[in-house]
Structure formats: C-alpha cells, structure tokens
Amino acid sequence: MKLLYFAWVRQRIGAGTEEVTPPTEVTDVATLVDWLRARGPGYAEAFKDTRAIRCAVNHTYVEVDHPVAAGDEVAFFPPVTGG
Amino acid sequence: MKLLYFAWVRQRIGAGTEEVTPPTEVTDVATLVDWLRARGPGYAEAFKDTRAIRCAVNHTYVEVDHPVAAGDEVAFFPPVTGG
Amino acid sequence: MTVRVQEADFDIGAELASLTAGNTAVGGLGVFVGLVRDVADGTGVSALTLEHYPGMTEKALEGIEAEARDRWPLEDTLIIHRVGRMLPGDNIVLVACTSAHRQAALDATTFLIDWLKTKAPFWKREETDQGERWVDARESDDQAAARWGAP
Amino acid sequence: MTVRVQEADFDIGAELASLTAGNTAVGGLGVFVGLVRDVADGTGVSALTLEHYPGMTEKALEGIEAEARDRWPLEDTLIIHRVGRMLPGDNIVLVACTSAHRQAALDATTFLIDWLKTKAPFWKREETDQGERWVDARESDDQAAARWGAP
Numbered sequence: 369m370k371l372l373y374f375a376w377v378r379q380r381i382g383a384g385t386e387e388v389t390p391p392t393e394v395t396d397v398a399t400l401v402d403w404l405r406a407r408g409p410g411y412a413e414a415f416k417d418t419r420a421i422r423c424a425v426n427h428t429y430v431e432v433d434h435p436v437a438a439g440d441e442v443a444f445f446p447p448v449t450g451g
Numbered sequence: 369m370k371l372l373y374f375a376w377v378r379q380r381i382g383a384g385t386e387e388v389t390p391p392t393e394v395t396d397v398a399t400l401v402d403w404l405r406a407r408g409p410g411y412a413e414a415f416k417d418t419r420a421i422r423c424a425v426n427h428t429y430v431e432v433d434h435p436v437a438a439g440d441e442v443a444f445f446p447p448v449t450g451g
Numbered sequence: 086m087t088v089r090v091q092e093a094d095f096d097i098g099a100e101l102a103s104l105t106a107g108n109t110a111v112g113g114l115g116v117f118v119g120l121v122r123d124v125a126d127g128t129g130v131s132a133l134t135l136e137h138y139p140g141m142t143e144k145a146l147e148g149i150e151a152e153a154r155d156r157w158p159l160e161d162t163l164i165i166h167r168v169g170r171m172l173p174g175d176n177i178v179l180v181a182c183t184s185a186h187r188q189a190a191l192d193a194t195t196f197l198i199d200w201l202k203t204k205a206p207f208w209k210r211e212e213t214d215q216g217e218r219w220v221d222a223r224e225s226d227d228q229a230a231a232r233w234g235a236p
Numbered sequence: 086m087t088v089r090v091q092e093a094d095f096d097i098g099a100e101l102a103s104l105t106a107g108n109t110a111v112g113g114l115g116v117f118v119g120l121v122r123d124v125a126d127g128t129g130v131s132a133l134t135l136e137h138y139p140g141m142t143e144k145a146l147e148g149i150e151a152e153a154r155d156r157w158p159l160e161d162t163l164i165i166h167r168v169g170r171m172l173p174g175d176n177i178v179l180v181a182c183t184s185a186h187r188q189a190a191l192d193a194t195t196f197l198i199d200w201l202k203t204k205a206p207f208w209k210r211e212e213t214d215q216g217e218r219w220v221d222a223r224e225s226d227d228q229a230a231a232r233w234g235a236p
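Protein chains in written order, with this note's numbering: chain R, 369 to 451; chain C, 369 to 451; chain U, 86 to 236; chain F, 86 to 236.
Derived by calculation from the structure, the hints in this document are not laboratory data.
Since the structure is predicted, the reported quantities are computational estimates derived from the model, not experimental observations.
Wrong hints could be hidden among the right ones.
[Unchecked claim] Straight-line distance between alpha carbons at most 27 Å, and here's what the computed DSS-like set of lysine-lysine pairs gives:
(1) R:K370 x F:K204
(2) F:K204 x F:K144
(3) F:K204 x R:K416
(4) R:K370 x F:K144
(5) C:K370 x U:K204
(6) U:K144 x C:K370
(7) C:K370 x C:K416
(8) U:K204 x C:K416
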C-alpha cells in the first residue's frame, strides 16, 4: 500500500510518501489511521484531530469507513486551499 | 430644443437630429410626442407605440411626464441592446 | 475606473495586464467579453453594427461603474465597448473588475454587464440571410438586471 | 476542455485568444484570474508556495470541468493552475468558459473557481512577516461551493 501525505500532514510525519504493509486488522481508512498513529509522535501529531484531515483512496475522496487494501494509493491531507 | 433619434426611431423619422421650437402647449415629453406625431407619417410611424420607445432628457432617462424646455437635449430611442 | 467607447478592437491581454499592474492588493480579476455570434434567433448573421448615443453613453457607463464601486469593495474596473461594424468572432465589449476577493470581482463583473445591457444606450443592427434587422431587447436581459435590485 | 497544472506563468491574452479562435458560435467569454496578494488576514505576505497532488489534481479538475459542462451549454472551458513559489502580483489560476450566452459563461466560470477552491488538491503556504504558515481552508469557500448544490 502506497501512502502519500501533503501540506502540514507531510511536514508533521516528515515524509511525503511511503510504502507500508499494514497488519490484517487494517481494513478501512479508520483502522489504517489508528495503526499509523501508533507508529511515532509525528504520526500521532498529524492524526491528532482527524476532522482536520481529508483522505483520498486511488485519487477519490473517501470517508473513514472506506475499505483499503494492498495496492491502494491512500493520501492524507488538510482541506484544500488552492485557487 | 435639440431632438435626437436613434436606431429604428431614427430610420422611421429619417433624421438623426433636428432643432425644433415647439409651441407653448408642449411642456413635457408626452405633449412633445403628440406634437411630433403630427409632423408627418414618419413621425407618426415612429411614435405609434410609445411603450416601445425610451426617452432621455439631457442624457438622463425620464418618464413621459418629465418637463421639457427650450435648450434641452431630448432623445428618443428603442430599448437598448448593447453588450 | 476606466470607460471607453471606440471603433477599434481592444487587446484583452494588454488591457487586463494594465488593470492589475503594480497593485498587489488584487486577489481576483473577473472578466466578461462579449463577441459577435454568427447566428441569432436561428438566423445566420454576417455582420453587426453598433450605434450609440455619444455623450449619454459615457455618462451611463460611468454611472453603472460608480454603482458597482458602491456595492462591492473593488480595486479597479474597466469597461470598453466598441461601436461601428463588426464581423462574427469580433470582440464587442470587455468588462473587468479587480478586488481583494474573488466573489466581489465576479459578482461586480456580472452586475456591470447585466446593467450595461439594459441601461447603456447602444443598439445593434444585424445583417442576416433575410436582410437587415434591429435586434430586439430581451426580457431575459431585463430579468438579469432586475436580480441586482433598484439603482 | 483543457486542464493544465504548471510551474510557469501563463499569458492570459494568448490563452483566451486560443479559447475563442475560430468558434463564431461564442457570444460570451467569462474569466477569473486569481493572483497572489501581498497581505492575508492582516499579515504581510512576501511569497506563496503552491503544493499539489499530482495525478489526483488533474482528475479532480477534469471532474469539475465535466460537471460544469453538464450544467451549462458551454462551447469550451479552460483551467490553468500554477504550482511552486510565487510572489505578490503573480498569477495563480486562470479559469475561463465560452458559451453562446453570457449568463452560462459567467455562471460556469464562478462555479469552476468555487468548486476548484474546495475540491482540487492544492495547498498554499505563505511566507509572512511572522514566518511561514499553511493557509487555512475558509468556511466562506465551503459556503460558496455549496451554493451550487451537490455534485
């Protein structure tokens, strides 16, 4: 599974992208975030308030109950501010 | 008094501008139009349906009860279609 | 705060560049350009002639521009309207507004063209397959202008 | 129907000319340009850096453009969004729509920039008097996007 982080999510985690192989209990975005939070203080800080974070799976916005699987591209980022 | 005509009002009357000295009973736009109508068939045709005509006195839109006097610039034209 | 009535075409890029040049308080630029279409009400149009009322036109456009500046926090505005004979594809009118905020720039741009269409003394005559005709005022234009309330 | 994400600046005049060139069915061109302001929330801004999500950005912009074409009778659309570091006065984004009718062109232009602001994955970081900061999403942008209803 490929993970991507943008803006302050990227800065708090300290990386823009990483390849991970989560354990089998990670089945959706919510359980993926729980697993990521435990990986270190940067992750815990980034995912402190999940209401401030948006998630896209394979380039489509999803809610936290959306399934994730090996091979997916999962991105976490703040609300967008372009334009 | 200077009169100006635009678009099909001008074409029906056959002139774009003229200087006139109306009689004393012409005191407002309505009486001016009545007087103009009697000046010839082109005028009668132009002012046949006054709902289709707009009037400006000294560059400002006015209604038919607006006074007119010697020295005024009075313009008659169809609803505008620019832009 | 510029109003121009001219026969010559205008250079959209150059006009917009000079509208924003040197003003770093501008966050948004709204623009509308009206062009001559080759068809109107189902009839082929080969040319368009714009007539106007010199003197009143400029006064009307300046009044419309002043109204926009009263209603929105604008940095600058520009209205250029051509007169004379034009062909399909030619520019007729350019309206542009700059503001710190995008909503003001876009709303004021829409307001300016809506009001211009119903208040500025211009008249269009079309050369069509079936001869020449004066363009009729549209009720939809009155409705668009009325959305913005009384002057 | 063009979407571009690029570091380079764009030439507004040239982009708009190619959008309308050769299409005499176009009666109206609506345009919005977003520029870097030198102040935000009362703080001086000396530069702005735009980050985006390559791959998803293009998909999101194409989706927004397709939605606009579903809603309005458009002749053509153009979205150009810059990424990288920009200075006050620089262009950030260009949105343009052509249509036979002015209302469609202007409404679709407003729609495109409203939706882009809340749906396309771009993020702004400002260099200010008080250091660097990520720009916060605005509730007013959510409200502007919500005016247009659900996707």
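Status of each hint after checking the structure:
{"no.": "1", "hint": "R:K370 x F:K204", "in the structure": "holds (22 Å)"}
{"no.": "2", "hint": "F:K204 x F:K144", "in the structure": "holds (11 Å)"}
{"no.": "3", "hint": "F:K204 x R:K416", "in the structure": "holds (23 Å)"}
{"no.": "4", "hint": "R:K370 x F:K144", "in the structure": "holds (18 Å)"}
{"no.": "5", "hint": "C:K370 x U:K204", "in the structure": "holds (22 Å)"}
{"no.": "6", "hint": "U:K144 x C:K370", "in the structure": "holds (18 Å)"}
{"no.": "7", "hint": "C:K370 x C:K416", "in the structure": "holds (21 Å)"}
{"no.": "8", "hint": "U:K204 x C:K416", "in the structure": "holds (23 Å)"}
In this structure, every one of the numbered hints holds.
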